[in-house]
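Trainee: In case you want the letters, here they are:
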Amino acid sequence: MNVSADARAAHVTVYFENTGQEFLSWEDGKLKDIDGSLSKGAGVQVNIGEMSGYCSTTRVNVNNLKECARIAATGALHSGPVPAQQIIGAPAEHDNLYAVRVSPLDVELSPRISLLQTMEHEARLRSDKIVQVMASFATVQSTVIIATSLGQAFHDVRPLVRLNCQCVAKDGDRSEVGYSGGGGRFEFDFVNADVRNTDTPFWMKHVRDAATEAVENLTAAPAPAGEMTVVLASGWTGILLHEAIGHGLEGDFNQKKTSVFSDLLGKRVAQKGVNVVDNGTLRNRRGSLTVDDEGTPTGCALLIEDGILNGYMHSRQSAHLMGLNATGNGRRQSFAHISIPRMTNTYMLAGETNPYDIIADVQDGLYVVNMGGGSVNITSGDFNFAANSARMIKNGRLGDRVRGAILIGKGSEALKKIFAVGNDLQLDDGVGTCGKDGQSVPVGVGLPTTGIHDLTVGGTGG
Amino acid sequence: MERAAGFVLDKCRQLGATSADVTIVSKSGIELKGRHGKFETVDAGLESDKVIVRAFVGHSSGSFEALSLTPAVLLDAVRRAVNYAQAKVRLSPVDECDGLPLPEQMATNMPQAAPLCPQLAALTPEQMIEMAIEAEAAAFEDPRVVSGEGAGMAGCGKERKEILYANSHGFMGRLSRQAMQLYVEAIARDGDDRQSNYGWDTKPRLHQLDSPAVVGRMAAQRATRLLNGKKIETAPMPVVFDPMTATLLLSQFIGAASGNAIYRKSSYLCDRIDEQVAASIVSITDDPFMEDGLGFSPFGDDGLAIAQRDIVVDGILRQYVLGTYAARKLGLDPNGGSKTNLFMHAGTTPLSDMIGSVERGLFVVGVNGHGPNNVNGDYSQAAEALLIENGQLTDQAVTGITIASKMLDIFRGIKMVGDRLEFRPMSFSSSTAAPPFLVESMTVGGK
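In order, the protein sequence lines correspond to chains E and R. If you use the working numbering, the first sequence closes out at 462, no skipped numbers anywhere. If you use the working numbering, the second sequence closes out at 447, no skipped numbers anywhere.
Incorrect hints may have been included.
To be verified - Output of the computed footprint for chain R on chain E, the stretches with three or more beta carbons under 8 Å from beta carbons of chain R:
| hint | stretch |
| --- | --- |
| 1 | 65-79 |
| 2 | 129-137 |
| 3 | 172-184 |
| 4 | 213-226 |
| 5 | 389-397 |
Derived by calculation from the structure, the hints in this document are not laboratory data. Each residue gets a CB set at the ideal place from its N, CA and C atoms; glycine is no exception.
Kindly produce the complete structure, drawing on both the sequences and the hints.
Mentor: Put into structure tokens, the structure is as follows:
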């Protein structure tokens, strides 16, 4: 802090991290991987006006941290004196959102390994067409200490677990894959929790979903190509929001005015009835944080209110430069990365329409059950994502399965073509990882069943 | 590093491992970014360490990674790796395919890499930010590129890595890598339409790197040519892939040829060795010893012997990319594992002749998305293109469309391959290149 202060820094953060991880994977009736890691390191971030700097080290000692501070304060060479960084407001501090009695890293190996074995067995029972199953279990516990030049210090212990199942089904020459998985900031026991009162344990649901997707895609026809009405099922399909508008509402792009949503605060960007939030304060969710990686408590940012753009997601730097409240969205992948504005759990609030009525209103369209990944160009607003599991809609009824569909559009236009928002908001099961500037962070998404007119579907079916 | 590696292998043996290996990586890097002609961000890492210990008890392995080379941390990593291996013995049926390569499969006579570029090593942060700002200024020469509020940015980064791999067969291999990167993100505007795109270059030697002016103009050209794009009708049509998108297709293809995808029955290339998987004018090679390739590797994964690998010869798939484990699962010999410097051989057709042969089609300059599916071989991506009409490349941009086909139909449908091959990696860790090529027909999804 002193080295940076000598360099007239407006705000300094020192970040210490100690992360333990364990990864187990099972395939072909055997344990494949049993890997662990321990990552210790620290870094210094310095913000000076519009300039920022970060430097990290794995050899954590006072001399190296001083060297980091000197490099991070490079901006001082390009700047006169600047006042201390002022933030006009920030979310209130709140309780730890993911206190666990037993760290998921302290659970014996044997229950985790037997779970993976059972998962493979159950997947193969679903169909004799399943030729390969990969089940894996990843466990992370990260302890961070964040100190700032305002004299604040934060300590946060962040558990994160994730279960995955991948099935490959084969019929003659044809092969298809299905994936499913989930997790969150839980203890190990979450794997046995009942999923939404269905008498199905969490792990079993994901085995079934992966196996079903692989087997059913064996008989799916190629998706058509062209513009059509699309109905998104609730849940993980919220990746559409994440790509179509979420990234475009991150503070850095708007402070630099490179986003398609720059300068649109207070303007209509979506149909009435569309409400979108980014909420870092949900208990035990994959995208949640008690404090962000700059020491700002997380909050629930109302991004779109009844179709009107209400706010952005900020790091300290972008909030300060835009003269807006901090939102607790300054995140970094690890101690080796600079913090930038990122999403936490981004979802659309429930509307009033019965999901069955949304489908019943569509003459000709596509119903997307499950999605793969996607991406977006911030400046043009062009987004894309892959539909891993989809069915045609004909005369208000679900028809044949189709495969290989990707959906594309411009976020600003797609939001205005939403014609129905279901009353069935569902958050995803905790599977998302978001990439930006080469950094990956865990995120959550959610969506009620949503109908959108005129999305472009790309398939091989012509 | 050698001492740390020796310590790890000794301790593994003492604690009960029957064999072991260790990978040590030390790296440092710095990246500077500027906007509007001014410095804006520095993101740096001092020299940092990583060790990965893999211990075997018979055919059962466990591995542990840590970020320090102090004896206490190394010993802890060894203990945990050995514990994992012992737990695997107890808790899982034996996996006969797990294990180090055979001693006779290890690399010998490893070629020396050329010495690292001293000018690149000596480059100061001040010089780097100057290069970035000069490149940005070159992009601003085009009046359609936003230079005030709402401008893009420019960056310059460099990275240096020392890698050591050793195992209990007595093998030890070392490798130093260094490279730098210069890039510009240009944002072009015309009325309400805005398009951003990049110019970039990544090279191991300062004198090989494109000048800031070239990188800046590349960004400006790539951004401005996509302005005022329109959607076209849904129809099948011929597609010419530019070098960047051709390279992405090649990367996707090689993913399907990886031994891991093959033994997991997760690839459309399963059971296709010696089959025609591409047009006869297509050949694909991986060359670990390519001079100044960012993927230069004197030894393969696990210290395996490695040499030039011809993956596809005249359209025929000759071999998969096989590491130790995948090779054993498939009952084949390993050929060094992970791809190194991968390229599609240059053909004989100048780009202009390729475009000249197309009556109506697309010159694709960008693809986006997670569309390619290596399991069933479906390919569907969002695309950005320029329209080709009557053998002429028009300046009409085509955006908001998808292109789709099957991977095998794309590669078998290659009618012409460009006569120029150029490596222009987008990151320090990739080294893949393809010349532009013409694909007979793909489904374009538009209106």
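Trainee: Hints the structure violates: just list their numbers, smallest first.
Mentor: 5
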